[in-house]
Structures are given as C-alpha cells and as structure tokens.
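Residue numbers (my numbering), protein chains in the order written: chain A, 1 to 596; chain B, 1 to 596.
No lab work stands behind these hints, which were simulated from the structure alone. Note that the coordinates shown come from a computational prediction; the quantities given were computed from them, not determined experimentally. The hints are all genuine.
A pair counts as met if it fits within one copy or between any two copies, since identical chains are not told apart.
Below 16 Å or equal to it, Euclidean Cα-Cα: the simulated EDC-like pairs (lysine to aspartate or glutamate) are:
1) LYS482 to GLU583
2) LYS325 to ASP506
3) LYS22 to GLU377
Protein chains: 2
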Amino acid sequence: MSYQAPLDELRFLINELVDLEKATGKNDLVSDDLVFSIWEEAGRFATGVLEPLNRPGDCEGLRFEDGEVKTPAGFVGAYRQLTEMGWNSVGLPEELGGQGLPWLVSSPITEMFSSANKAFNMCAGLTQGAIEAINLIGSAYIKELYLEPMVAGRWTGTMNLTEPQAGSDVGAIRTRAIPQPDGTYRISGQKIFISFGEHDLAENIIHLVLARLPDAPEGVRGISLFLVPKFLVNDDGCLGNRNDLQCVSIEHKLGIHASPTCTLVFGDQGGATGYLLGEPNRGLAAMFVMMNAARLTVGMEGVASAEAALQKARAYAFERVQGSKAEDPSTAVAIAEHEDVRRMLMLMTSRTRAMRAMAMVIAEAQDLCESSDDTAESARQHTFVSLMTPIFKAWATESAVEVASLAIQIHGGMGFVEETGVAQIWRDSRICPIYEGTTGIQANDLVSRKLLRDKGEGLSLLVAKIRTTLQESQAFATELRKPISALEEALNSLEGCAERIIALGDSGIENIRFISVPFLMLAGNTVGGWLMLQCAVRALQARGSERYAEQTLESWRQSAEFYSRYTLAEVHGLERQVLNYLEDAAAAPAADIFRY
Amino acid sequence: MSYQAPLDELRFLINELVDLEKATGKNDLVSDDLVFSIWEEAGRFATGVLEPLNRPGDCEGLRFEDGEVKTPAGFVGAYRQLTEMGWNSVGLPEELGGQGLPWLVSSPITEMFSSANKAFNMCAGLTQGAIEAINLIGSAYIKELYLEPMVAGRWTGTMNLTEPQAGSDVGAIRTRAIPQPDGTYRISGQKIFISFGEHDLAENIIHLVLARLPDAPEGVRGISLFLVPKFLVNDDGCLGNRNDLQCVSIEHKLGIHASPTCTLVFGDQGGATGYLLGEPNRGLAAMFVMMNAARLTVGMEGVASAEAALQKARAYAFERVQGSKAEDPSTAVAIAEHEDVRRMLMLMTSRTRAMRAMAMVIAEAQDLCESSDDTAESARQHTFVSLMTPIFKAWATESAVEVASLAIQIHGGMGFVEETGVAQIWRDSRICPIYEGTTGIQANDLVSRKLLRDKGEGLSLLVAKIRTTLQESQAFATELRKPISALEEALNSLEGCAERIIALGDSGIENIRFISVPFLMLAGNTVGGWLMLQCAVRALQARGSERYAEQTLESWRQSAEFYSRYTLAEVHGLERQVLNYLEDAAAAPAADIFRY
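Chain A with its partners taken away, still in its complex shape:
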C-alpha cells in the first residue's frame, strides 16, 4: 500500500478548526480550491516521487568515500524534481523567490513529504532554516550572493552547532574564528552530527557555523554565527575554490539511513573562510530563531511518522484475516475486528489527529503573528507559539514513537520484518525526541522559560482558548458528555500543577525539573483533548451540511470520545507523578528521593 496524503483530514481541519482567511488576511490566495489543489499536487509528489525512494534509500544507505557522500539511487533526480517544481520553497517569501504560502498551507506539505520520505525531506527543511537566518541577519552583500541559489535549491544549507564536548550545552563550543584583514574570518574546529553536512544533491553547501571570536566571553554570550560555504563564492556568484572544510566521517545510525550525519572538520589547512552573520557574540540568538523553527519542523516530522505508521497499520488490519469472533467462531475475520486491535487503531488515529490539530493551531498563530498589524496581537500570538513549541516538539515526537510502535504491534511478527516498512518508521521516528533539543530540554524550556520566566502568560492564553471550547461545547452537552468532563478535569490538573510550579518558582527549580517531562506530557495530552473536543463540536455543528460525509463527522466525534476515555485518562497518572514530587517539596526534596 502506498502512502496517500491525508486530504480529508486536512480539509476538515482547515475549514473547521482554523480560520485561514483571518489568519493570513489574504482571501484570494487561500480560496479553498487553490489550497486543495496545492495539497493534492503535493500529495501526488509525495506518493509518486518521494515514497518510492524511502525503503530503497533505507536499505542502500549512504556511501562515504574520500570525503564525499553519495546519496542512494534516485535521490539526485528526486531532488532536481523537487526544486524544479518549487516544492523546496513553498513557505519562503515571494520576494526571495519562494512561493510565499502561509504556514497553514505549507506545514501540511512538510508533513506529507516527511511521511513519504523523512530522510530525504530533511535537506530542504534545513536549507529553509538557513535561508530564514541569512535573510534575518545577513548583510546585503551576503543576501545578494547566497539567497537566490539557496531558495532555488541549487545550494543547500546546514546548522553547525554540536561539537564532541558541546551537545545540549551549546555554551561549551570551542570552534574558533580569527578575523582577517579583508573582513572575513578563519574558522577552525570540529562539528559533529551535521545533517546533510555533505552530499551530492546540490552544487554548494552553505554551513551556518557557531564559533568563538578571540577574547569572546565564555559560555553562551561569546558565540558568533558564521556563514561558511563548501565552495567559496566569487563576487559574480560563480563558485570559486573549495573552502578549507571537509567531511571526515558519517554516522552509522539506527534510522534515517539516507540522511547523512556528518563530522565536519574546519580549518585543517589553516582555516576555512567564513563570513560573520549578524553581531559578534550574538550568534546564539540568531541560531535560536532557526532552532525554534526547526523544533516545530521536528514536531511535524512526528505527525508525519504517526500518519505513515497509521496508514500501514490500518491497511494491514483490514487486510489480514486471522481468528474469529465469539458469536461466529467458524468465520475468520480481519484483525481490525478484534477488540485489542481496534483499541490500538483508535489510539493511533485519535492521537495522530490530535497531533496534527496541534500543528494546525500553531501554524494559525504563526500566520496571525506575521499578518497582524496590531503589535499587541502579534506579540500574543508569538507568546502562544513560544509556549506551544516545546509542548508540540516533545509531545508529538514521543507520541510518534508510540504510534509507530503500535503499528509494529498490529503487524505482529510481520512488524518485526523490515519489508513491511513499519519497523523503518519506528527507527526513523526515534531521532525526533532527541534532535533539536531532547524531550528533557523541551520540558526544561517549558517550565523554566514558558512558565516561570513568563509568569504563565502563554499558559493563560492557552487556558482561555480551552475555556472557550468548553463553553461552545455546552450546546452538545449530551453527545459530548465524556469528552467535556474529561477535558474539564484535565484542565484542572494542568492549571493546578502549573500554579504549584509557578508558586515554587526558582527556589524549587530542582524539584520542578525532576517532573518537567511528566508535566509536559500532561500539558500535551490536555491540549490534544481540547483540540479533539473542538473538532467534535465542529463536526456536530456541521451535521446535515452536506459538506462532509456523515461518517466523516461521526469519526471526529468518535476520536474525541476515545481520546477523552483513553489519553485524557492518562492525565490522572501524570498529575500524580507531578504532585508526588511537588507536594512534599519542602519535606522531602526530590533530590533525596531521586538519589541514585
């Protein structure tokens, strides 16, 4: 069974959950038909071009020889098609040569491409981040030379943060940048875990590299950002000499076998030529712009893996005949008829829907933030996105691994055999809770910055939205009894735990960090429950409208029902985990309980 873009799901969400016109302020570009024809076209590209290379790419992997990386068969051609059709630049501004699509339209395309071929899709995603950073802080000269070929996809981009001693602790980086009389810098050092740090898809690779100037302050306040091209670029835009950097090895990984993870050595011959981007010692702030965008993209990769896994599991469950029902023991049935398989399918479906709905409300806020003329409104949307970023990144990616694991389980023994492809989805998905900041890092960001530093401002916005949905749902108090009551309980848990965390504050930060991950998961489950209820309300409102098949509307109600009974039920356990440490904080510091 080949991957199919989830167009019905997207149609419901874009029409019922979010307000595309209001979010973008453009009613011409975003008329229904145009959006759907873009998505249909993207879906065809995903199914026809990207997915056929997914398993072969995983099996063949990459070849590394003499500092060069050869991607699997077909990748070069697919990349050429991608860029010729402009799929690599759908979300980039039109003034840069991109398609200028709003987040609400471009995010689902990211999902589709990542579902079809996660490893391949990473290259264009990283390039987009690099383009945004250059556009934000690059000099006119740099922008003039670099942006056009990068937007066109002839050159790709990378993020160079990690070093052997500097992973989650970016402040520990040692790569050095020595100023030269001509205004350039000599860069030397080693970077590891650089995705698409070397490959054969494009003519040039533009590395954005964090490094330290001489006499820079220690830690994160002494880091600057440099643009370091693989091939130097002459003033006329033509490629010049090879720069002094090389890929010395690639990793042998658990998953995303077709995505090169490179160790890059800069300056073996005296120093790679680099160009300062933005202010000296202010590199981390710029990198964080990229990083936050990348975190949302990784969350979207989670949605993508879950959707791909769900499609395979559903197809298998309805095709595989095994066992019978008690009422008719002589007739073999598809395993989708068996209760526990149905439980798993419902869990996968409702969770994937909640993940995608979360992606959509974040994209809507991003669009509102960018389109609004009202500074205060724009700031509010930004605050909401900031709050949701760690929740979405961590919760959606942890959920993706779980959904992929359930897809293996539904396949039984066949799930452990690589040819069905679900094992690959599980392996590929496992990087998502790690890269661009682990789940633990996201959870610390949530409690330290988004709750404590911001005094719960973002959370209040979220809570207000949830309350609005709860009010609206009263019109369907009977049909949605359980989703409403379970969400009310979950919201109480979320608010109660958040209040305690804020009350403990910095003095209790150690105890808080012990339970920051369960708290984040509690928040993720609750937000998912809010969105499933919102979708169910819309589905009930749309009954009889002939816009959707009755079965479609009913399925949204079912998802809310299941989600509230199963995934919101977990909130009770998560709340206990949190309170079991916060309640005794004074009497029994977590540090004592967690001694090891």
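Based on these hints, arrange chain B on the given structure of chain A.
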C-alpha cells in the same frame, strides 16, 4: 563498557526476597556459596564469550545460501564452548544429563546470557523447550534416541507453529501428516517465523511440528505434534539421510540479526518423515507446555534487555560531562547530575528491579510446585505461575522496550548511533512483546482464562501475598509511608477492576477485551510495587546486619520510594482507562465507542 552480571542484585533477591532452601527442598546443592559461584562463572561466560559477539553478530548478520544458514563469525565456537561447559542444560533434570539446577538458580543465568547476546541465547532456550516436551510425551524409543544428544547440545530443537495464514490463530494451521505403514508420518506444509529453524551450530535440528492428521477435526482440537528431524536418525543413533524439509528463506529483521528466522518447507519431495509425539489431535496441549515455558523465557529476555540497557545508560550518564548546575554554573558536571537524567535512571533502575523480582517470585513458585509433596500446595503454586505468566510476559517485555528507549534518550544523539549498542538493545527488545503471543494475546489470556475461567483464584493468591507484605511493612510505617499508601491504592484499583471484570463475565467479554491490555499493565505495575515494597522491608530489616553495604540497602528503599511515586502513580491513569469502559458498559458498549 562491557556487560557485568548483576550479582549484587541477585544476592539480595535470593537471600531476602525468596527462600531458596524452602522452594527446592535441597539445602546441599543450594548453599549460598555454590549458587554464587555458579552465577559468577555464568557471568564470566556472558561477559567473556557471549557479549563480545553481540554487536559483531548484529552487524554481520546471517548468510543464507542454498538452503543453508551461516551464523556470524565466532558463533560456532561460542556454541561449542557453551555446550562443553554444560551451560545449555543448567535447568534440565540430572537424569537426562542436565545440571538439574532449580528455576531460582537457572533463570538468572538465562537473564545473563540474554543480556550479553540475546540472539545467540535463543537457540539453547528453544532446545530446552523441545527437550521438555519430548521428555513429557515422547515414546521410550524417541526419548532414547533424541534426548541425550539434545541435552548435550549436539542437536538443537525448534517449535514449528506459525504458517502464513496461522499466526495468533494456531487453529488455522494446514500442514498435513499422513500415516505410513511403518508407524511414521509424511509431513508436508510450510512453516514461517521458525527461530533457529536452520543454522550451522549443531549436527542436527529436531523440529517439533504442529500438523493435521487426515480427517482431524477442524480448529485447535485437530492438531497433532510431530517430531521431524533435519537428518533422519538411525536406530543406533547415528545420523541417516537428509529429511525432506528445507529452509527456503530467512527474514530481514529489525533486530536479533544473528538469530535466523526461517521459512521451512516440509515435504517438497513427497513428505518429510515425522514421528507422532503424544496422542493424536492433542498436540496443542503439549505445545502449550512448551509455550508457557517460552513465555516466561521471553519475559526473562525482557529483564535481560532492560539490565543491558541500564548498564550502558548508567555508565554513559556518569562518564558524559555536559552542562552545569545552577549553584555552580562554571563547573561542568556528569549528566547523571541533571534532574531529568536522574529521573530516567531511577525509572530504569526501579523498573528493572521490579521486573527481576517478578521473575524471581515466579521461579520460586515453579520450584515449590515441582518440589512439593503436597498436591494442593503444588496446585496452588501452579495457579500462581499461571496467573503471573501473561502478566510477566507482557508487562516485562513492554517495560523492556521502554527502558531500552530511555537508554537511547540518556545517550542523546549518541543513542541514535549504532556503535553505542543501545540502539541494538532497543531493536532486539522489540520482538519480545510480539513472539510467543503478543501483548494483546497475553491480556486476553489474563482476563479470559486467569480471571473469568478460574474465577479469580490465582488473583486471590496474589492479593493475599500483597496483603502479607503490607502487614509486614507496618513495622516501617514511617520510612515507607509513600510506598505503603501507594501500594494500598494500587491494590484497591486492581481488586476493584478485577471484580468488575469478573462480574461482567462472559456476557461482557467484548467490552472487557477492549481494556484487557490496560488492565494487564495495571496488574503489572501493582505487582512490581508489591515486590519493591517487599524488598524495601527486607532492606530495612537487614540494616546493621553487615551482610550488605548500607548504600545497597538504602538503594532498595530508594527504588521502592521512586517506584511508588512514579510507576504506581500510572495506575491512576490505567484504572481510569479500564473503568471508562467498564462503567458505561451497559449504556455505551465499547464496540460503539471504538467504532472506527
């Protein structure tokens, strides 16, 4: 870091949690020193011989050519050492040539060997199961010819159940057995997923094959068991002609790359020669003896994977320096100092301890069952083992995947790189919730047979044991306040849910099956909490005894404390999941809620 047998853990459990002398009735064999010297020796074999082949075996994998399977380099030699030293037969009766060690002594050896090299260790485990089945129901002639070389390890054994159309539904098998005038049978059919169905470790392979006699009743009541050797065996025990069966392919799998998973075709040349084992049409009962033993072994593989993952994660967490603490930002610390890493380490440690403790009380019951002269007592122990088998198999294996995933998470980006070995543990562990009956199958066994059919008899035994521990713990009501109260709550949840399930009975079986997995997990978490409390009580009792380091005793208290605050907290969520379906059973059948 190389694997080390968890001897300190085992020393505490064997001395404090169980009563080896009482369980086996033998005080000579099982004097402390002998047991520990056996375990030390086994640990040396695991560390010195088995583990060095683990990652190379995973990387090299198997070669399949012309129907033959070549195991990775070193496996043939290691297997020879294993059998020469008698490690393959530690649990087999002395009268068969085995070492006759009780379960309490042999199970930890299974754990060690599987921790060190899960793929390799499967071969001897399967052989042991086949020996037990032959010994149970084989004719004198069969036993005479086959048992000695199998116990010696010169020949190995397999279980042949699965066929393409018959996985979880064993009743659907089609392999045929035609009686011959000489008393043998001609076997023809195809079997899939046969572990070690073909390999180069031994001279002969003895397949135990489920097949149907002509005119056998349909379904599970028409299945017979046959012994089908790869090479026919002459009356003098020498190998004769090659039998008419061949390995036609092996699977390309997610994990256990060094364990051949074979498709076997029987009877391509007219029929493989087979020998009936036991009564016609009664094959499934015999196979279930093997299967139940295999389920416990798979649960033990879960313990093994968790221990291996924990050792790697702990070593990495104390070695990897990254970031600093708030109170001293200028000093980098090992990541084990960071709160979320400690949470993960404590979760892994306490869960692994609970899993191993569960294995030990099951092994104790097996020993009591076999050693007791009192039939009623023996039956009680059997009932307890029967109840615990699905719980241990499913809960310990699901836990193992989770613990292995946490080991990846603690390693950060390095966890996704295959060279650290944690990715392999995660991949290898993923088969455990699938083979020998999926988690869903175990959960159905628990609710359908162990609760409903047996009217909760096994559960009462379990509850009584838990209550005894709760009583005993009152002597430490202050020190163990939280572990006690959390276990009391969890026990109430377990009993409450079980009562509802039994009350609903067969009429509500459909609703029950929707939540059989959450119910099983609730039971597993609760049993783990019982055993962690029991260990903590023993640790507090042993204070000042000089038998253990104070730190060791304290670590058991810590594990109980953490487990009660974290893993028992999950019971609240699991209970909600169960009750959310059982409570409304009449008003809203689960089948409606789970419609898809």
